[in-house]
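Order-wise, the sequence lines are chains W and P.
Under the numbering used here, the first residue of the first sequence carries the number 1, and numbering increases by one thereafter.
Under the numbering used here, the first residue of the second sequence carries the number 1, and numbering increases by one thereafter.
Keep in mind that the hints are not guaranteed to be accurate.
Lysine to any residue pairs mimicking SDA-like chemistry, simulated, CA-CA at most 20 Å apart [what the hints assert, rightly or not]: (1) Lys100/P <-> Gln149/W; (2) Lys100/P <-> Gly362/P; (3) Lys141/P <-> Lys434/P; (4) Lys184/W <-> Lys4/P; (5) Lys3/P <-> Gly177/W; (6) Lys129/W <-> Arg85/W; (7) Lys145/P <-> Gly530/P; (8) Lys3/P <-> Glu76/W; (9) Lys129/W <-> Ile148/W; (10) Lys184/W <-> Ile12/P; (11) Lys444/P <-> Glu426/P; (12) Lys51/W <-> Gly256/P; (13) Lys447/P <-> Leu182/P; (14) Lys4/P <-> Glu49/W; (15) Lys434/P <-> Gly177/W; (16) Lys453/P <-> Leu182/P; (17) Lys100/P <-> Lys184/W; (18) Lys444/P <-> Ala463/P; (19) Lys371/P <-> Lys51/W; (20) Lys371/P <-> Asn70/W; (21) Lys263/P <-> Ser294/P; (22) Lys88/P <-> Asp138/W; (23) Lys100/P <-> Tyr99/W; (24) Lys71/W <-> Gly362/P; (25) Lys71/W <-> Lys371/P; (26) Lys71/W <-> Tyr50/W; (27) Lys3/P <-> Asn70/W; (28) Lys84/W <-> Gln85/P; (29) Lys371/P <-> Phe386/P; (30) Lys371/P <-> Glu170/P; (31) Lys71/W <-> Lys84/W; (32) Lys255/P <-> Tyr50/W; (33) Lys4/P <-> Pro170/W; (34) Lys145/P <-> Pro190/P; (35) Lys493/P <-> Thr269/P; (36) Lys444/P <-> Lys84/W; (37) Lys4/P <-> Lys371/P; (38) Lys71/W <-> Met1/P; (39) Lys493/P <-> Ser294/P.
Please keep in mind that the hints were generated in silico from the structure rather than gathered at the bench.
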Amino acid sequence: MMNTPIDQALSTTRRGFLQLGLMGTATLALGSTVATLTGCSSPLEKNSEYKFLQANDREFFAALIPVVLNKGFPGELAHDEAIKRTLLALDDLIYTLQYHNRIQMRQLFDALSMAPIRVVAGASWASWKDMSHEQINDFLIGWRDSFIQPKRNGYVALSKLIGICWYAQPESFVSTGYPGPPIKIPTPVSNKSNITYKTSTTSAEHS
Amino acid sequence: MAKKVFEEIRGIPDPILEGISNGWITHDAGDYTEHATLEADVAIIGTGAGGGTTAEILAKAGLKVILIEEGPLKSSNDFKMDERQAYKDLYQENAGRMNKDGSMSILQGRCVGGTTVINWTSSFRTPEQTLQYWGENFGTKGVSKDEMAPWFEKMEQRLNIAPWAFAANENNAVLSRGADVLNIPWKVIPRNVAGCWNLGYCGTGCPTNAKQSMLVTTIPSAMDEGSQLLYSARAERLIMDNNKVTGIEITALDKGYRPTGVKLTVKATTVVLAAGGINGPAMMLRSGAPDPKSLIGKRTFLHPTTFSFASFEQEINPYYGAPQSIYSDHFQWDTVDGPVGYKLEVPPLHPALTSVLLMGHGEAQFEELNKLPNLSSMISLLRDGFNDDCQGGSIELASDGSAIIDYSINDYLWEGVKRTHLTMSELQFAAGAKSVRPAHTAAKWEKSWKASKAAINELSYSASRAMVGSAHVMGGMAMGEDLDRCVVDSNGKYHYLDNLYVIDGSVFPTSIGANPQLSIYGMSCRLATGLAEKLTGKKLS
């Protein structure tokens, strides 16, 4: 698996973002400052089971997930397991986004992990894990109803991502009343042919 | 308490696994450990509605074909009606594809068979008004209603397209019932299915192979003729020599959709680009293909789609049953090129997708999702591209060469978005909804049409307030003889390269004004038949 540098945190992005914030635009101008950001080393922990989300990002999402999902969470799972499941799904999804939107996510997470930017962005100085549900909810509502489009984009992206990653989990169905899909029993295929093509791995994968 | 309609599905043969077992020539690019070159008469980039249709026609004409697909090869044994798995395996960017500023969600397929594997089966001929508009404004030839009719007929037969013969599910019945009350005409949607079980899982890959997608129709037929299929293979760029394409540089991808580091080369005397309206233009831009007027990737259309939710006393079970069976074009053609027209339909509501479409969070969203069995939704597809104030978006390249979809909803479209909210709300109340809420972050559930109308009129319409999505990517490689506006001629040949053809939805110079799959099939059938005749020198009946 080859990671592009953008999958990793970018110290220069932070600086760029901070400047934007301090210039008083109060904007999360999600984009454009990243072109120069190549060659940064990975702050992902070694042997992490995550491909994109760093410890800071996971802390951020772990705080947001129960607030965004409210009583829809944790469904049939224990709290910690439900957080983990959602984080892994988020990691997979964001890692699969194409470069441009992946950068936007990186910038957003990096910015919101810094207290001064958080304050400019309308959240608390406290770290995400120390914020109350009310504080986080106020932050979300502030972004949702903001006159600044990048904030609204941020709100929509965060709430959509968390929703799609959680409500696709079968253990969430109890909170929606969705009876779930039928069970699909695959039909095995016997190998009728003696011809060996370069497809052996394909067959193996499917069998 | 809502109940499952079907408990279990078993005994469905998997035509892809059987084909492979019988000797189809398939290559997983991710398996290659070093560079290799594959050859054919015709290389087709993309295996969706355009590529699949083209492959069958060319292969049956006796040409050696190789199909190249960026996504994985999945088939009915893999289709478990599980949103989690389906979005990961079958959708672009894990179903998280967005426009440049993140305000629009774009659902598009990414697997062998392309979007035809995950669409909702609605099959409409290209409206006559659209075809006429192309001829008049882009110099597109051979696409009048009469000229196109035989191609549509052929593909309707090939894919068993017919109006849905069974009762609409409750979710769709809301539309017809409301329309009857308001005296608005509606019709039954033609679907490309054979022996459909009426399950409701078209969007996660048909588990019974009833949907006549490319995966179970034209692709198997092309494979039976000896075509090759190369998957997990991204067409990185065209290799060009003067005015000819001599090959395609391929990036092999692993199961996590990242490059393995191995490059492949496909050589062919003719290349067909059928990679859709986003990845196709992006590949052309990466290739530095000749484009004197800088038109590649321009005029990208998405049928911006709006949503309105309604809550009912009775169970709707909006996740079960044929997802789309009723439509109305009542608001579509008041004028062709005036204020934007729209098509009314219904989306299936599975929980993850629904959470995205509702636009919200917290307790309010929980209360909505908690009543999913009683929820119904309606959608409006805005017909973009027919007005001077609606020239579509554009495809740009990120610094790693991937596509950026720069599409913004402007005031012309916002005016339409607001009208769609009003229309859908009125229809839902007319159908007996208890309460209605348009998908807008500031909208609340209203209990009457009067209250809803007043509330919608007070809403602010701008990006990331109203939910706007897309499941239809069109344009980017406009077809016509007007060189100031088009890059592909009326036979599908790229204007500036001798042996490159574009055969998919990217050639449409505007949006369609209807779910585009049959438009792509019909157009592809016409273009591919012409290409086959040119390459073989034989007249095809």
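Going down the list of hints, with the structure as the test:
| no. | hint | result |
| --- | --- | --- |
| 1 | Lys100/P <-> Gln149/W | holds (13 Å) |
| 2 | Lys100/P <-> Gly362/P | violated (26 Å) |
| 3 | Lys141/P <-> Lys434/P | violated (50 Å) |
| 4 | Lys184/W <-> Lys4/P | holds (13 Å) |
| 5 | Lys3/P <-> Gly177/W | holds (9 Å) |
| 6 | Lys129/W <-> Arg85/W | holds (18 Å) |
| 7 | Lys145/P <-> Gly530/P | holds (18 Å) |
| 8 | Lys3/P <-> Glu76/W | holds (18 Å) |
| 9 | Lys129/W <-> Ile148/W | violated (26 Å) |
| 10 | Lys184/W <-> Ile12/P | holds (9 Å) |
| 11 | Lys444/P <-> Glu426/P | holds (15 Å) |
| 12 | Lys51/W <-> Gly256/P | holds (10 Å) |
| 13 | Lys447/P <-> Leu182/P | holds (18 Å) |
| 14 | Lys4/P <-> Glu49/W | violated (35 Å) |
| 15 | Lys434/P <-> Gly177/W | holds (19 Å) |
| 16 | Lys453/P <-> Leu182/P | holds (16 Å) |
| 17 | Lys100/P <-> Lys184/W | violated (37 Å) |
| 18 | Lys444/P <-> Ala463/P | holds (18 Å) |
| 19 | Lys371/P <-> Lys51/W | violated (35 Å) |
| 20 | Lys371/P <-> Asn70/W | holds (15 Å) |
| 21 | Lys263/P <-> Ser294/P | violated (29 Å) |
| 22 | Lys88/P <-> Asp138/W | violated (32 Å) |
| 23 | Lys100/P <-> Tyr99/W | holds (11 Å) |
| 24 | Lys71/W <-> Gly362/P | holds (8 Å) |
| 25 | Lys71/W <-> Lys371/P | holds (13 Å) |
| 26 | Lys71/W <-> Tyr50/W | violated (27 Å) |
| 27 | Lys3/P <-> Asn70/W | violated (25 Å) |
| 28 | Lys84/W <-> Gln85/P | holds (17 Å) |
| 29 | Lys371/P <-> Phe386/P | violated (39 Å) |
| 30 | Lys371/P <-> Glu170/P | holds (15 Å) |
| 31 | Lys71/W <-> Lys84/W | holds (17 Å) |
| 32 | Lys255/P <-> Tyr50/W | holds (16 Å) |
| 33 | Lys4/P <-> Pro170/W | holds (14 Å) |
| 34 | Lys145/P <-> Pro190/P | holds (18 Å) |
| 35 | Lys493/P <-> Thr269/P | holds (14 Å) |
| 36 | Lys444/P <-> Lys84/W | violated (32 Å) |
| 37 | Lys4/P <-> Lys371/P | holds (16 Å) |
| 38 | Lys71/W <-> Met1/P | holds (19 Å) |
| 39 | Lys493/P <-> Ser294/P | holds (17 Å) |
Checked against the numbered hints given earlier, the structure breaks hints 2, 3, 9, 14, 17, 19, 21, 22, 26, 27, 29 and 36 and satisfies all the rest.
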